[in-house]
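**Student:** Take the sequences, apply the hints, and build the full model.
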Amino acid sequence: MDSTFFTRLDEFMQYKGLNDNKITVQAKIAVGTLGKQRRSGKGLSYESIVKILRTYPELNPAWLILGEGEMLKKNEQPPANLVTILEIVSGQNAIIKKQHEKIDLLISQLDYIRTQISTEQEITRRIAEHLQVNTGRQW
Numbered sequence: 763m764d765s766t767f768f769t770r771l772d773e774f775m776q777y778k779g780l781n782d783n784k785i786t787v788q789a790k791i792a793v794g795t796l797g798k799q800r801r802s803g804k805g806l807s808y809e810s811i812v813k814i815l816r817t818y819p820e821l822n823p824a825w826l827i828l829g830e831g832e833m834l835k836k837n838e839q840p841p842a843n844l845v846t847i848l849e850i851v852s853g854q855n856a857i858i859k860k861q862h863e864k865i866d867l868l869i870s871q872l873d874y875i876r877t878q879i880s881t882e883q884e885i886t887r888r889i890a891e892h893l894q895v896n897t898g899r900q901w
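The sequence shown runs contiguously to residue 901 in our numbering.
The set of hints was computed from the structure by calculation and includes no laboratory data.
It is possible that some hints are incorrect.
Stated by the list, open to error - Pairwise CB distance ranges, derived in the manner of DEER restraints:
#1 V851 with E882: 40 to 48 Å
#2 N837 with K860: 36 to 44 Å
#3 A890 with S852: 53 to 61 Å
#4 G779 with G831: 21 to 29 Å
Claimed, not checked - Straight-line distance between alpha carbons at most 20 Å, and here's what the computed PhoX-like set of lysine-lysine pairs gives:
#5 K813 with K798
#6 K813 with K790
#7 K836 with K864
#8 K804 with K778
#9 K836 with K778
#10 K778 with K813
#11 K798 with K784
#12 K835 with K778
Just so we're clear, the structure is a prediction, and the values are computed from it rather than from any experiment.
Glycine included, every Cβ here is placed at the ideal spot set by N, Cα and C.
**Tutor:** Pasting the structure below:
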């Protein structure tokens with residue numbers, strides 16, 4: 763790693779209000795590693811860079827390592843919280859179940875009404891036949 767890596771790391775540290783000590787503590791890197799590597803002109807180990815990138819997920823790895831792109835990753839939509847999704851689905855399933863129960867009840871009521879109408883139509887037909895036979899008039 764050349765000094766531009768540390769220049770970019772310093773820029774990120776300034777942006778976040780960090781210093782070498784804070785990064786080493788937060789990223790769980792051996793104390794003094796950044797300062798020692800910075801003074802010796804040597805780069806950081808792969809493991810140390812990975813720890814930094816995992817600790818600061820908003821930091822763009824291509825920018826830090828290669829100097830390409832923007833310092834921060836583009837604002838990506840984080841995946842929805844799985845628990846929230848499951849709660850929504852569970853709530854929707856409960857609503858759907860109640861709607862199915864209501865539909866079943868309405869179908870039963872509709873069948874009952876159809877039976878009543880059919881019965882009333884049959885009674886009306888018989889009365890009309892009876893009147894026709896008794897009066898000779900067609901109803």
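**Student:** Is the straight-line distance between the alpha-carbon of K778 and that of K813 20 Å or less?
**Tutor:** 16 Å, holds
**Student:** For the pair we were handed, K836 and K864, check the Cα-Cα distance against 20 Å.
**Tutor:** Violated - the C-alpha atoms of K864 and K836 are around 48 Å apart, more than 20 Å.
**Student:** Go ahead and decide if the range 53 to 61 Å is satisfied by the Cβ distance of A890 to S852.
**Tutor:** The hint (53 to 61 Å, Cβ to Cβ) holds, given that A890 and S852 are roughly 57 Å apart.
**Student:** K813 and K790: Cα distance at most 20 Å?
**Tutor:** Answer holds: K813 to K790 is near 7 Å, not above 20 Å.
**Student:** Is it true that the CA of K836 sits at most 20 Å from the CA of K778?
**Tutor:** Given pair K836, K778 holds - Cα atoms ~17 Å apart, limit 20 Å.
**Student:** Given the hint of 40 to 48 Å, is the C-beta distance from V851 to E882 inside that range or not?
**Tutor:** 46 Å, holds
**Student:** Would you mind confirming whether the straight-line C-alpha gap from K835 to K778 stays at or under 20 Å?
**Tutor:** At roughly 14 Å apart (the allowed maximum being 20 Å), K778 and K835 satisfy the hint.
**Student:** Holds or violated: are the alpha carbons of K798 and K784 at most 20 Å from each other?
**Tutor:** OK: K798 and K784 at ~15 Å, within 20 Å.
**Student:** Please check whether N837 and K860 have a Cβ separation lying inside 36 to 44 Å.
**Tutor:** 39 Å, holds
**Student:** Are K804 and K778 close enough, with their CA atoms no more than 20 Å apart?
**Tutor:** 24 Å, violated
**Student:** When you take the CB atoms of G779 and G831, is the distance between them in 21 to 29 Å?
**Tutor:** 22 Å, holds
**Student:** Can you confirm whether the C-alpha distance between K813 and K798 stays at or below 20 Å?
**Tutor:** With Cα atoms ~17 Å apart, K813 and K798 stay inside 20 Å; holds.
Hints 7 and 8, counting from the list given before, are not met by this structure.
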